[in-house]
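Same order as they appear, the protein sequences are chains V and X.
Heads up: the first sequence is residues 1 to 199, going by my numbering.
Heads up: the second sequence is residues 1 to 355, going by my numbering.
These aren't lab readings, by the way, just hints derived from the structure by calculation.
Some clues are possibly wrong.
In the DSBU-like style, the derived pairs of lysine-lysine whose C-alpha atoms are separated by at most 30 Å in a straight line are [claimed, not checked]: (1) V:K174 - X:K15; (2) X:K311 - V:K101; (3) V:K44 - X:K62; (4) X:K311 - V:K42; (5) X:K62 - X:K84; (6) X:K15 - V:K42; (7) V:K78 - X:K128; (8) X:K62 - V:K174; (9) V:K177 - X:K314.
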Amino acid sequence: MQNILLLNSIVRIYLQEVIITLGNDAINEELLRGAIYVDNAKDKIDKGFINVTLTDTIKVYDAPHLNVTCDTPTRDIKIPEEGLIIMPRDLYIGATIEFTKTYGFVPILNESDELAALGLKTHITAGFGDNGFEGTWTLEIEGSIPVRIFPYMFIGTLNYYPLIGEGDTLYRGKYFKQIEPTASRLSEEYNKGRVRRKC
Amino acid sequence: MLTTNEIKKQIQNGKIIINNLSDGALKKPNSIDVSMGNTLYVYDYGILDSRMARTYLDEVLKDKPFFLKKIQIPETGLLLEPYKVYLTKTTEEIETHGFIPVLNGKVAMSLLGVSIELNSGYRWDGYKGAMLLSIVATKPTIIYPDIKVGNLTFFPSLEPSSETRIVNGKLCGVYNSGMLSGSEIKSRMEGDNPDIFIDNTEKIVINPNSVNLTLNENIGVYTEQVLDIKANNPYKNITLEEGMYLYPEEIYLGRTNEWTVTNNLVPMMSGRSSLGRNGLHVHCSAGMGSVGYEGYWHMGIRPTKPIWVVKDMKCCQIYYFTLEGEIENTYNGIMQNLPENELGSQMHRILKKKD
Chain V
1 MQNILLLNSI VRIYLQEVII TLGNDAINEE LLRGAIYVDN AKDKIDKGFI
51 NVTLTDTIKV YDAPHLNVTC DTPTRDIKIP EEGLIIMPRD LYIGATIEFT
101 KTYGFVPILN ESDELAALGL KTHITAGFGD NGFEGTWTLE IEGSIPVRIF
151 PYMFIGTLNY YPLIGEGDTL YRGKYFKQIE PTASRLSEEY NKGRVRRKC
Chain X
1 MLTTNEIKKQ IQNGKIIINN LSDGALKKPN SIDVSMGNTL YVYDYGILDS
51 RMARTYLDEV LKDKPFFLKK IQIPETGLLL EPYKVYLTKT TEEIETHGFI
101 PVLNGKVAMS LLGVSIELNS GYRWDGYKGA MLLSIVATKP TIIYPDIKVG
151 NLTFFPSLEP SSETRIVNGK LCGVYNSGML SGSEIKSRME GDNPDIFIDN
201 TEKIVINPNS VNLTLNENIG VYTEQVLDIK ANNPYKNITL EEGMYLYPEE
251 IYLGRTNEWT VTNNLVPMMS GRSSLGRNGL HVHCSAGMGS VGYEGYWHMG
301 IRPTKPIWVV KDMKCCQIYY FTLEGEIENT YNGIMQNLPE NELGSQMHRI
351 LKKKD
């Protein structure tokens, strides 16, 4: 009996220690619970945010004009190690390396003030996420002046707002489970049967 | 989000410290006004290296320009050119203990096509100092020194909750503050005195945690080549019939079809992922609303590349934050109840009030 009690105490102390060393942050708690998932989150938590990084592929639209009712063709560009120059007047679609899943919270993608100092935008007024979203985060990169970007660079942070109210409506939309940099699928909304149409 | 009343309480508690607060900065219901001074930092040369970002940021925050060039904004005004970035920092210096500061731009500047931060408004609990302002103009715009350019909001930094619930089979913490889910938004639209009113309720599309609004056919385009933030910049009305092209280097003044009223919550406008992927901005760093706002949502729309848009398209999403603290006053500012044909920036009225 005494051996079992001793074992119990040891296990309890060990568990307490694990929780304390991972931190008292709410983010850590929710990661442990499984509400929030981000690839390799443990190494990326900083001051209540989770850092995300850019993959090495970028898409650009292969046409001078875009159209909300049809999908403009894109072209893949690999970001070389020596960097890729982002030019103004163009849009570069990237993705985070990190695959994420969020339930019971609203995830938000933010840019850091460091990147803003370069005049670089990493998303176009669309950083708010959805309860139930699963996938990598799409980055819509736009520069005001030419900037050289690098593969696997720090590209932003995620923070989470608790969801208030019933969380039964989950994101199951156009970009669910996306992994690659994904261009707009808006044409689904303008064509019958939610079929996408190429321009 | 904290009400201004709560912000004042926390200032008294010493949990939020703000130096160089300007007169009347605490008049809004859930944010405080922040300003910029008369100094800007600009890049002197061509291609920037993103690995130097931290260095450039420190030069601005510490006022030690080396790679950057320091320029003064004269009282007569300085011309902001498009495809440039102008860096500076807020006059106000903050320090928080238990709160997350978030900087947003002002709608009046957004409707002039001027962003003051690039999705970079979030700081962390424990942030200390002035905040970076990253100013980008869409059209050549004359700016003046010592003006209020942003709204600073605060969110409580949450401790892990002990209460949990299950969402989609996952264990999630239950908290008292955050963002409303779609079901909660729906329930707050019901009853005689709803927290959320959006006209045209039957057609409204409710997402997992936001509401979609649509683009009205009235679009405004400024007629002058150069904008002046002190002037009542004239614009002409275009009716979006079937569709039209939007071009970069132009700022388009649009509004939602839907008239909205928000009580006891803070509404926040954001673009849509599908539009963002097409390079279409629906505001210039200024999506944040105020509790008590009544009106259409005004958008400063600009595209990265030329894009064909159509009438009544779903153009933005509204999210709702809970409020923490006593609501002392509700929004009664310059955007309140604007007539449906009024699309222009009201910045000239704000600046006149100051004089």
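Right, here's what the structure says about each hint:
no. : hint            : verdict
1   : V:K174 - X:K15  : violated (43 Å)
2   : X:K311 - V:K101 : violated (34 Å)
3   : V:K44 - X:K62   : holds (27 Å)
4   : X:K311 - V:K42  : violated (46 Å)
5   : X:K62 - X:K84   : holds (22 Å)
6   : X:K15 - V:K42   : holds (29 Å)
7   : V:K78 - X:K128  : violated (38 Å)
8   : X:K62 - V:K174  : violated (44 Å)
9   : V:K177 - X:K314 : holds (23 Å)
Violation of the numbered hints given earlier is confined to hints 1, 2, 4, 7 and 8; the remaining hints are satisfied by the structure.
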